[in-house]
Amino acid sequence: MAVLPKHKAQLNAARKMATSHAEALASYEAPRGLQSLLPTADARAAFEKAGFPTPVNEAWTFTNLAPLAKTNFTLPHKGQVNGAVIGEAKLVRDAVTLVFINGQLSYDLSEMTSMPTGVTIAPLSQAASMLTDAQEAELKKSATKESLTAVNTAFLTDGYVLRVAEGQNITTPVELVFLSTGDQQAVNLKTFISLGKGSTLELSEVFHSTSDEAYWHNSVTHIDLAENAQLHFTRKQDEGTAAFHTAEVHTTLQRDASFYGFLANLGGKIARTLFDSTSKGANTSVNLAGFNLTGNGQHHNTSTNTLHTVAHTNANQTFRNVVAAGGHSVFMGKYHVLAEAQQTDAAMLNQNLLLAPSAKADSKPELEIYADDVKCSHGASTGKLDETALFYMRARGIDTPTAMAMLTEGFIDDLLNALPNKQARERLHDAIHRWLSKSMNVKG
Amino acid sequence: MTELLNIENLHARVEEKEILKGLSLKVNAGEVHAIMGPNGSGKSTLASVLAGKPGYEITEGSVNFQGEDLLEFEAEERAQKGIFLGFQYPVEIPGVNSMYFLRTALNAQRKARGEEELDGFDFMDFIQDKLELLDMNTEFLKRPVNVGFSGGEKKRHETLQMCALNPTLALLDETDSGLDIDALQIVSRGVNAMRGEGKAIVLITHYQRLLDYIEPDFVHVLKDGQIIKSGDKTLATELEKEGYSGLTNETTAA
Chain A
0 MAVLPKHKAQ
10 LNAARKMATS
20 HAEALASYEA
30 PRGLQSLLPT
40 ADARAAFEKA
50 GFPTPVNEAW
60 TFTNLAPLAK
70 TNFTLPHKGQ
80 VNGAVIGEAK
90 LVRDAVTLVF
100 INGQLSYDLS
110 EMTSMPTGVT
120 IAPLSQAASM
130 LTDAQEAELK
140 KSATKESLTA
150 VNTAFLTDGY
160 VLRVAEGQNI
170 TTPVELVFLS
180 TGDQQAVNLK
190 TFISLGKGST
200 LELSEVFHST
210 SDEAYWHNSV
220 THIDLAENAQ
230 LHFTRKQDEG
240 TAAFHTAEVH
250 TTLQRDASFY
260 GFLANLGGKI
270 ARTLFDSTSK
280 GANTSVNLAG
290 FNLTGNGQHH
300 NTSTNTLHTV
310 AHTNANQTFR
320 NVVAAGGHSV
330 FMGKYHVLAE
340 AQQTDAAMLN
350 QNLLLAPSAK
360 ADSKPELEIY
370 ADDVKCSHGA
380 STGKLDETAL
390 FYMRARGIDT
400 PTAMAMLTEG
410 FIDDLLNALP
420 NKQARERLHD
430 AIHRWLSKSM
440 NVKG
Chain B
0 MTELLNIENL
10 HARVEEKEIL
20 KGLSLKVNAG
30 EVHAIMGPNG
40 SGKSTLASVL
50 AGKPGYEITE
60 GSVNFQGEDL
70 LEFEAEERAQ
80 KGIFLGFQYP
90 VEIPGVNSMY
100 FLRTALNAQR
110 KARGEEELDG
120 FDFMDFIQDK
130 LELLDMNTEF
140 LKRPVNVGFS
150 GGEKKRHETL
160 QMCALNPTLA
170 LLDETDSGLD
180 IDALQIVSRG
190 VNAMRGEGKA
200 IVLITHYQRL
210 LDYIEPDFVH
220 VLKDGQIIKS
230 GDKTLATELE
240 KEGYSGLTNE
250 TTAA
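As given, the protein sequences belong to chains A and B, one line each in that order.
The first sequence begins at 0 in numbering that gives the first Met the number 0 and counts up by one.
The second sequence begins at 0 in numbering that gives the first Met the number 0 and counts up by one.
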C-alpha cells in the first residue's frame, strides 16, 4: 500500500503519542513472577514503533483512538472499593468470583471458597508455572503483535490463568470482576484460559468502575478449547463514562469443541472488543451473540474474525446494536474460510437500531472464502423503530418514551436466550432496561 | 342523554389527498353505532384521526369528547381519557410479550387516572375472567404481541385489550373482517360485555354480518368522506341487499 503523506503524518503522530505514553509509565516494573517471561523491553519498542492504531489501519477505519492516545495515563495503584459495588457489577450471584481492582486481585473481595474440583485459577503474576508451552510461547511473541497487544505486554498489570481438567463438567459458574477506581490509570490484563478434553465451563467477565474519571482497561485473552470442550463465555463491558476499553479475545478450538460467546457493551467512552477464533478441527462451533447499547458521546466497536481451517466447522453470530442520539456503534465481522475448509456452515447477522437522527451505526460484514462447497451468509440492516408499532402502543395509553424503550428492549431481549445462566439473563435484562429508561427519559 | 362524542364538519387529509370531507357524527353514552361504507370511503381514516395517529392533517371542523377538544391531545392521552381503537390490522411487536404490553398499558391508564398500578399478581387476577370470556388462557399472554397469531387470535387479542382497558368509547375498525363464525361470536361476546351505561361503541365494518351479533342502535353510511345516510339497524339489511352504489347524499342528520 502506498503511504500517503497524510497517512505518514498520522502515523508519526500516533508514534509520538505512543512514546509519550511509554515515557509517562517509565517507572513500570513487571510483576516479579513474570519478569523472566515477559519481553517488556521488546514490547515497548514494538509499541513505540507501531504507534497507537490509526484509522489508516483497516481494522480501525471507524474507530478513532486519538482521545485515548492523547490522555496522560498513570501506572495502576491499589484501590479501595466498597463490597456493594461488586454486587452491582456481578452477573452471576452464585458464581465463584475473583475481583480485580485496578488490575490486581483482591483476595478480600473475591469469593473462592466454593471453587469446584477440576478448576484451577490464579492471578497470572503467580501462575507462570501453570502456563502450557504454547501459552508461554504466546506470551514471548506478544511483542511482535499489534500495537495494543504490545503495549499490553510492555506494561502488563496482571491477569489470570484458568484451567479446567480433562473430562470435568463444571456446574458452578466462574466470574471475574474487573473494577477500576479511575485516576487515569492504564491497566493491562492478560489472561490464559484452557479447557481440557471434554470439559465444560460457564465463565463470565465483567468490567465496571466506581469512577467517572478517565482510565484504560486493555485486555488480551487467550482461550484454548481441547477436543470436545465447551465454554460459555459472557463479557459485560459497563465501564465508567470517561473510560477507554480495548479488548482482544483469541480463541482456538480443537475438533468437536464449542464456544458460546456473549459480548455486551454498555459503558465506557470508547470501547472496542475484538473476538477472533481459529477452528482447527472438524465439528467445532463458534456461536456469538451480543449487543452494543451506545449513548451520547460513546463509541462501541465489536469486531469478529472467525477463521476456518478444516472441513465441517460451524459458526453463527447475531449482533444487535442500539444507538441513541450522539452515539456511534460499529460492527465488523469476518468469516475467513480456507480452501481446505469445505462444508463450512456459517451465518452472520448484524442489526442496528437508531433511536435518533444523530445516532450513527457502521456495519461491515465480510466473507473471505476459498473453499467451493460451503454455506456462508451474512446480513446487515440498520433502521429506526417501527412507527406503526409505536402508534399501536401509544393508542393503548403508553407514552412515547416508554413505548420506544419497550420496543427497543424487545429488539435485543431475545438475544439473552443465548445465555445459559438465568441470573446472568436477568442481570443483563435489568441493565438493558436501566440503560433504556435513562436514554429515553422514561418517567418513573 | 349524555353526549360523549361530537364530530362536526371534519375535514382531514393525508399528504395532499383529502379523505374526510365534512363528516359529522354525534354519539351519546349508552349507544352502539355502526359505520358502514365501501372501500376507500374514509372509514379507517376516521378511526385513525380519532385515535390520534400521526400523519393526518385536520383542515377544518372539530371533535369534542366529553367536553374537551380531542384533537388537542396526543394518542396516548386520548387512550388515557378513555378512547380505544381496535385495529383493523393489529401490529406485531416482536420481543414484547402480551402480558407485559397489556399490564404496561393498563398501568399507564390507571396512573393517569390517579389509580394504583397493578403488580404482576394483581394483574393475573384482574385479567382472568376477561380471558375466560374470550376463550383464551394465560399461555396466550406469554406470546409476543400478535407475532405468529392467526387472524382470529389477533382480533380476540384486540378484544381482550379492550375488555381490560375498559374504555368509555370503543372504536372498532373492521374487527370482524376475516373472522370465521366461531371467532366472530367470541369477539362479539367481548364487545357486548362492554355495552353499558356511560359507554359507547362505534363499529366500523364492511359487512352486515357483524350486526347479527352486535345489534347497533344506529347505522350510518360513509361515502366519499361524508356520512350520507343514517338510520336504525334495518338500514344495514337494506345495504346488504341493495349495495352502496344506489345511495346518494340524502341526509346528514344523525
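If you are wondering where the hints come from, they were derived from the structure by calculation, not from laboratory data.
Do not take every clue at face value.
[Unchecked claim] Straight-line distance between alpha carbons at most 27 Å, and here's what the computed DSS-like set of lysine-lysine pairs gives:
(1) A:K437 / B:K110
(2) B:K141 / A:K383
(3) A:K15 / A:K5
(4) A:K196 / A:K268
(5) A:K15 / A:K279
(6) B:K240 / B:K222
(7) A:K69 / A:K5
(8) A:K48 / A:K196
(9) A:K421 / B:K141
(10) A:K139 / A:K5
(11) B:K240 / A:K383
(12) A:K139 / A:K279
[Stated by the list, open to error] Here are a few chain A residues that sit away from chain B, every Cβ distance over 12 Å (derived from the structure):
(13) N56
(14) F72
(15) T387
(16) A394
(17) T401
(18) A402
(19) K437
[What the hints assert, rightly or not] If the Cβ cut is set under 10 Å, some of the chain B residues that face chain A in the computed set are:
(20) G51
(21) Q65
(22) G66
(23) D68
(24) Q79
(25) L84
(26) Y88
(27) P93
(28) V95
(29) Q127
(30) Q207
Glycine included, C-beta positions come from ideal geometry on N, C-alpha and C.
A quick look at each hint next to the structure:
For the hint linking K437 of chain A to K110 of chain B, the alpha-carbon distance of about 20 Å falls within 27 Å, and the restraint holds. Restraint check for K141 of chain B and K383 of chain A: the C-alpha separation of about 26 Å stays at or below 27 Å, so the hint holds. Our distance criterion of 27 Å between C-alpha atoms is met by K15 of chain A and K5 of chain A, whose separation comes to about 15 Å. A distance of roughly 39 Å separates the Cα atoms of K196 of chain A and K268 of chain A; the hinted pair therefore is violated under the 27 Å criterion.
Proposed proximity of K15 of chain A and K279 of chain A is contradicted: the alpha carbons are some 39 Å apart, above 27 Å. Using a Cα cut-off of 27 Å, the hinted pair K240 of chain B and K222 of chain B holds, with the two alpha carbons roughly 17 Å apart. Simply put, K69 of chain A and K5 of chain A have alpha-carbon atoms about 19 Å apart, close enough for the 27 Å limit, and the pair holds. With a C-alpha separation of about 40 Å, the suggested pairing of K48 of chain A with K196 of chain A is violated against the 27 Å cut-off.
Between the alpha carbons of K421 of chain A and K141 of chain B the distance comes to roughly 18 Å, so the proposed pair stays at or under 27 Å and holds. Between K139 of chain A and K5 of chain A the CA atoms are separated by roughly 34 Å; this puts the pair beyond 27 Å, and the hint is violated. Among the hinted pairs, K240 of chain B with K383 of chain A is inconsistent with the structure: their alpha-carbon atoms are about 47 Å apart, more than 27 Å. Taking the CA atoms of K139 of chain A and K279 of chain A, the gap is near 22 Å; set against the 27 Å cutoff, the hint holds.
At the 12 Å boundary, the C-beta of N56 of chain A stays outside the reach of chain B, the nearest C-beta of that chain being 37 Å off. Interface exclusion of F72 of chain A from chain B stands, the closest Cβ pair being 41 Å apart, more than 12 Å. Listed as a non-interface residue, T387 of chain A fails to keep its Cβ farther than 12 Å from every Cβ of chain B; the least gap is roughly 5 Å. Not every CB of chain B lies more than 12 Å from the CB of A394 of chain A, the least distance being 5 Å, so the non-interface label is violated.
The claim that T401 of chain A is not at the interface with chain B is violated, since a C-beta of that chain comes within 12 Å of its own (minimum 7 Å). Distance to chain B contradicts A402 of chain A as a non-interface residue, since its nearest Cβ pair spans about 8 Å, not more than 12 Å. Distance to chain B confirms K437 of chain A as a non-interface residue, since its nearest Cβ pair spans about 18 Å, more than 12 Å. Among the interface hints, the one on G51 of chain B holds; its C-beta lies about 7 Å from the nearest C-beta in chain A, closer than the 10 Å criterion.
Contact between Q65 of chain B and chain A, as hinted, is not supported at the beta carbon level, the nearest pair being about 16 Å apart and thus beyond 10 Å. For G66 of chain B, the shortest C-beta to C-beta distance to chain A is roughly 20 Å, which exceeds 10 Å, and the interface hint is violated. About 19 Å separates the beta-carbon of D68 of chain B from the nearest beta-carbon of chain A, more than 10 Å, and the hint is not met. A distance limit of 10 Å between C-beta atoms decides the matter here; for Q79 of chain B the minimum to chain A is near 5 Å, and the interface restraint holds.
With its C-beta approaching chain A no nearer than about 5 Å, L84 of chain B sits inside the 10 Å limit, and its interface hint holds. For the restraint placing Y88 of chain B at the interface with chain A, the shortest Cβ-Cβ distance is roughly 9 Å, inside the 10 Å limit, so the hint holds. A cut of 10 Å between beta carbons decides the hint on P93 of chain B: the least distance to chain A is about 6 Å, and the hint holds. Restraint check, V95 of chain B versus chain A: the minimum CB separation of about 4 Å is within 10 Å; hint holds.
Taken as an interface hint, Q127 of chain B does not check out: its beta carbon lies about 20 Å from the nearest beta carbon of chain A, beyond 10 Å. Look at Q207 of chain B: its Cβ only gets to about 27 Å from chain A, farther than 10 Å, so that hint breaks.
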